[in-house]
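Colleague: Given chain D, work out where chain Z should sit, using these hints.
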Amino acid sequence: MRRLLIILFINYLFITKSFALIEIDITRGNLDPLPIAISPLHVDTKSQSFEGLKVKTLGDNISKIIEDNFRSTGLFNPLKKDAFVQKPDIAHLKPRFEDWRLIKAQALVTGKLLVKDGKLKVEFRLWDLAAAKEMTALAFTTTPSNWRRVAHIISDKIYERLTGEEGYFDTRIIYVSESGPKNQRVKKLAIMDQDGANTKYLTLGNELVLTPRFNPTNQMVTYMSYFRNMPRVYLLDIETGTQEVVGNFPGMTFAPRFSPDGKKIVMSFAKNGNSDIYTMDLGTRLVERITDHSSIDTSPSFSPDGKFIAFNSDRSGLQQIYVMRSDGSGVKRVTFGNGIYGTPVWSPRGDLIAFTKMRKGKFYIGVMRTDGTGERLLTENYYQEAPSWSPNGRVLVFYRETKAGSKGEGFTAKLWSIDITGYNERRLKTETDASDPSWSSLLSK
Amino acid sequence: MIFNKSLKNILLVIFATLILSACSTAKKSGNIDGDVYTGKETVEYLASGVPDRIFFATNKSSLTTASRATLRKQATYLRKNKNLNVTIEGHADERGTREYNLALGERRANAARDYLMTYGISGKRLSVISYGKEKPVNPASTPLAWSQNRRSVTVKVN
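Here the protein sequences line up with chains D and Z, keeping their order.
Going by the numbering used here, the first residue of the first sequence is number 1, and it counts up by one from there.
Going by the numbering used here, the first residue of the second sequence is number 1, and it counts up by one from there.
Chain D extracted, bound-state conformation (with noise of 0.2 Å):
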């Protein structure tokens, strides 16, 4: 009886969870923008000053975050803080949330902050304005250097209150970094925050690199490097800037991916112009060849679950997209449309593979179901190519490359995201010219 009445109130809990009044509808794109008000974050004023950190603006700046992260999403639209109605610090205690109305936001979000001794302290509310009620709260102490990451984190708290889905904005993209002539371009690592602060470069662009992609299970990389001109799979360590060749295979590998567990590496290797797919557990350094056919097997990419490998083969002519298991066996075609297929990546929820496809001329960025039904083509263009998932797999990132005039003037490579409806496609912020992106799991999961 007791688990019983058990059971009954967490069906409450969920029940009046999912009644809440200014829930977001996802599945759609952003025909309607949900209006909400990011105030600033009031700084207290026993506030101390910390290393070089402008304390005085640190809350107008994490909320500046905020707002320029839920702005990317395009299910929000954040209001301009010249009509906001109340004082950040009082209205962090209490909004009138009838003024609030007035402004036509729905929801808003309010909050503190704290430097001292060393450390900062932040706690935010998200206010349902309808309903006239805190939806969320949360407080947490963090070093003040970390004050990036804090506004991300919140960022994300929010989204996962208002939509039902994981966040992805305390998230990093690495990417190769390209400088210089078309025919004699510089590729450098370089990794950034998913809002395009903080980018570092990883190598100095002595040898040619390509196609770094995430661990999903921590901050490790691979990538592949022409290092002593001998194209090899690579493995490094973010953190302690290590790197190691993956295997010992006695030719080029390339087209590296993580398992979902990331205890292992897919990729291809080339031996006497023909191209298979082969795993390397890395813990073990055991090696296994995933693919015996005398076409071009490559760009594998493994299913969530672990149990399945999608890939590129052109062995009916043209490249298209087969699924297997992950032991090779049951080897299926699932593209048949007009055109060719490449670099298919499974979507982290399991559900979607994401492509490039080329039909006369074009390139497309698509999702279609695992079995190749359903296809949607997002966004056309000249060139573009290699999506990879936000970790929630709601939106993709890819490159696109503009076309060449006669001396290969004009020509530009930058990174793009959309959302997997088809809307809010947007150029991210680099440094650099940039392609071949791969976005982390959540930093702080």
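Worth flagging that the hints you see were computed from the coordinates, not collected in a lab.
Treat the hints with caution; some may be incorrect.
In silico DSSO-like pairs for lysine-lysine, Cα to Cα no more than 27 Å straight-line [what the hints assert, rightly or not]: (1) D/80 to D/116; (2) Z/60 to D/362; (3) Z/80 to Z/135; (4) Z/60 to D/360; (5) Z/156 to Z/135; (6) Z/40 to D/407.
Modeller: Chain Z in isolation, oriented as in the chain D frame:
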């Protein structure tokens, strides 16, 4: 009547000239057969009369008649220079996904290597590397540039 006849002749000559000039301009501006590059603009030479590169059709690694002739010249040259080793670099054009192009470049370089081996060159002297679409020789975004970039290049190592 006579005037008419000569006019007709003149017209015929003009017409024929137009056709011929149309033909010659097509050949000149093209330098592409099917979509395989047949020109010499980007070609360098291992030695006099020994071109360093061959060209491929889109998504293909099969050797054309002209490519085979070039490779036979390279084989003869390599037989004469027994201490010379080479690397065969395989390349693709920019109109494909990066990873597939790496595999395609490798396949093209090996097609050239296999052919050289059938003409008696030891595989030990012939290493292979693929650059995919990473090193275009012509940076333009035109069918001509792409045809020049779909290539395998034999490069002396020593």
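Colleague: Decide, hint by hint, whether the structure agrees.
Modeller: Going down the list of hints, with the structure as the test:
no.	hint	result
1	D/80 to D/116	violated (30 Å)
2	Z/60 to D/362	holds (19 Å)
3	Z/80 to Z/135	violated (30 Å)
4	Z/60 to D/360	holds (18 Å)
5	Z/156 to Z/135	holds (18 Å)
6	Z/40 to D/407	holds (18 Å)
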